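Residue numbers (the numbering used here), protein chains in the order written: chain A, 1 to 202; chain B, 1 to 237.
Hints in this document: simulated from the structure, not taken from any laboratory.
Predicted model only: the values in this text are computed from it and were never measured.
Watch out, some of these pointers could steer you wrong.
Straight line, CA to CA, 16 Å or less: simulated EDC-like cross-link-like pairs of lysine to aspartate or glutamate [as the list claims (entries may be wrong)]:
{"id": "1", "chain 1": "A", "residue 1": "K140", "chain 2": "B", "residue 2": "D91"}
{"id": "2", "chain 1": "B", "residue 1": "K130", "chain 2": "B", "residue 2": "E141"}
{"id": "3", "chain 1": "A", "residue 1": "K126", "chain 2": "B", "residue 2": "D22"}
{"id": "4", "chain 1": "A", "residue 1": "K30", "chain 2": "B", "residue 2": "E94"}
{"id": "5", "chain 1": "B", "residue 1": "K178", "chain 2": "A", "residue 2": "D73"}
{"id": "6", "chain 1": "A", "residue 1": "K140", "chain 2": "B", "residue 2": "D96"}
{"id": "7", "chain 1": "A", "residue 1": "K30", "chain 2": "B", "residue 2": "D22"}
{"id": "8", "chain 1": "B", "residue 1": "K208", "chain 2": "A", "residue 2": "E154"}
{"id": "9", "chain 1": "B", "residue 1": "K208", "chain 2": "A", "residue 2": "D73"}
{"id": "10", "chain 1": "A", "residue 1": "K126", "chain 2": "B", "residue 2": "E217"}
Covered, in the sense of this in silico footprint (three residues per stretch, anywhere, with C-beta under 8 Å from a C-beta of chain A), are these stretches of chain B [as the list claims (entries may be wrong)]:
{"id": "11", "segment": "112-125"}
{"id": "12", "segment": "140-152"}
{"id": "13", "segment": "174-184"}
{"id": "14", "segment": "187-197"}
{"id": "15", "segment": "204-217"}
The following label-pair restraints were derived from C-beta to C-beta distances [to be verified]:
{"id": "16", "chain 1": "B", "residue 1": "N192", "chain 2": "A", "residue 2": "D48", "range": "46 to 56 Å"}
{"id": "17", "chain 1": "B", "residue 1": "D97", "chain 2": "A", "residue 2": "D39", "range": "41 to 51 Å"}
{"id": "18", "chain 1": "A", "residue 1": "L63", "chain 2": "B", "residue 2": "Q147", "range": "27 to 37 Å"}
All C-beta atoms, glycine included, are put in the ideal place defined by N, C-alpha and C.
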Amino acid sequence: MNEHEHHHHEVDPKTAEVRTEALEDLLVEKGLIDRARVDALIERFEHDLGPMVGAHLVAKSWLEPQFRDSLLDNADRVLEEEDIKGAEIEHVEVKANEPGIHNVVVCTLCSCYPWALLGLPPSWYKSPEYRSRVVREPRKVLQEMGLSLDADTEIRVWDSSSETRFLVLPERPPGTEELGLEELAQLVTRDSMIGVAKVKAL
Amino acid sequence: MSTNSRVHDIGGTQGWGEVPYDPNEPVFHNDWERRVFGLMFQVLPHTAKRPGEFRHALERLAPEDYFCPDGYYGRWRAAIEVLLDEYGHVDKVELDDLLGVLPGTSPGHRVAKIAEVPSENLPPDRLTRKPEHRTVRRELEESSRFQVGDRVVAMGNSGMGHTRLPEYVRSIPGTVVKIHPAEVLPDSTAHNLGERPQHVLCVAYHAKDLWGEAAEENVVINVDLYENYLEMETEPS
């Protein structure tokens with residue numbers, strides 16, 4: 001058996017489409033689900049959630065050293081104070097990148113991810129390639145993804161094996177000294193908060 | 001390709017290719033992915049309600065369903081089909097027919113049965129204050145048996161029940177770097193054997209201890225482990 005080949009087979013959208021529709025019709029018919037509630041839930045996760053919540057925390061940390069210290073010391077308390085609630089953030093830890101230290105997050109056993117801070121995880125984060133390799137050869141994986149780190153930079157990988165969720169606090173890029181909170185937040189990408197990219201000035 | 005004994009437990013397995021990285025991919029690629037995602041939240045209250053139970057349904061899927069060509073949401077759909085059968089909502093034979101697939105081919109025909117987990121393999125249960133809202137976190141009166149800086153080894157439970165101990169750290173010494181809030185023990189809740197709440201410890205492993213001398217330099221892997229998985233490292237000989 002070779003999972004690898006399975007994974008790269010072309011998806012036939014018609015089959016998946018037809019089968020999912022049949023399943024949904026069946027669940028409605030059995031009275032197990034309400035279609036309008038399914039629609040509302042999809043709408044909320046697709047459009048109201050996203051990396052902007054995490055990006056706001058990062059940008060604010062860059063501007064306010066005290067806020068940064070609190071976020072690194074006790075993110076749960078900061079999320080409560082900022083009134084940030086939602087799925088998959090019962091206990092959050094924030095890990096700061098700094099010169100010589102780079103953090104990167106994975107879930108090798110499934111695909112745990114701080115939904116309420118970053119939105120839903122991208123496919124590559126859930127892929128067996130990322131889940132298997134980033135704990136064994138993170139430097140190589142990051143390089144393939146476009147992030148080259150110096151050999152003497154320590155890489156800290158965080159495997160989300162309990163209900164703790166991790167957020168990376170990326171470094172503020174040079175050339176952004178004049179920017180305010182909103183402008184800074186717009187520079188902060190999802191991938192920089194997972195730890196597979198750096199934040200770049202425009 | 002190297003594999004571990006459980007289909008989902010792939011940390012450190014070898015032979016995989018490049019990460020399918022697309023920095024600009026959409027949240028959902030197709031409408032059916034949206035629907036599967038939305039359906040799941042209403043299927044779970046009728047089926048897998050306990051912590052760890054849905055994850056264990058995914059972990060019990062046959063490899064061709066776990067690594068199915070439809071990807072992550074295809075895996076979720078397979079788990080929905082399995083749970084509907086196991087909870088008696090729609091028999092798998094009926095499901096084959098209703099979904100228009102060949103008889104005997106839906107994932108419920110291939111899924112592994114839930115393993116028997118002897119409760120003597122688990123740590124004793126203990127009473128904790130019931131939280132006001134739904135959460136896996138619990139407050140324990142006793143502090144952890146371990147302290148930051150302790151050298152520990154994770155052995156975990158034997159058997160094929162649900163666990164959150166990744167195979168790649170089993171029996172390798174590491175260092176406790178942080179103690180997280182206590183949680184119910186998924187190895188127990190997934191099997192309906194009570195909460196048995198545990199402290200959760202973040203344990204740091206040097207890449208060379210996990211992968212040998214060929215490992216990359218300057219790499220530390222941090223894994224969160226439930227206290228009952230851990231033992232103090234015996235003095236190195």
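The hints, checked one at a time:
1. K140/A - D91/B: 46 Å, violated
2. K130/B - E141/B: Holds - the C-alpha atoms of E141/B and K130/B are around 13 Å apart, at most 16 Å.
3. K126/A - D22/B: 13 Å, holds
4. K30/A - E94/B: 13 Å, holds
5. K178/B - D73/A: Between K178/B and D73/A the Cα gap is close to 12 Å, so the pair holds against 16 Å.
6. K140/A - D96/B: This hinted pair is violated, its Cα atoms lying about 44 Å apart.
7. K30/A - D22/B: 39 Å, violated
8. K208/B - E154/A: 13 Å, holds
9. K208/B - D73/A: 29 Å, violated
10. K126/A - E217/B: 26 Å, violated
11. 112-125: violated (count 0)
12. 140-152: violated (count 0)
13. 174-184: Three-residue rule met by the segment 174-184 of chain B, so holds; n is 4.
14. 187-197: violated (count 0)
15. 204-217: holds (count 6)
16. N192/B - D48/A: 46 to 56 Å: 35 Å, violated
17. D97/B - D39/A: 41 to 51 Å: The hinted range 41 to 51 Å is violated for D97/B and D39/A, with Cβ atoms some 27 Å apart.
18. L63/A - Q147/B: 27 to 37 Å: 36 Å, holds
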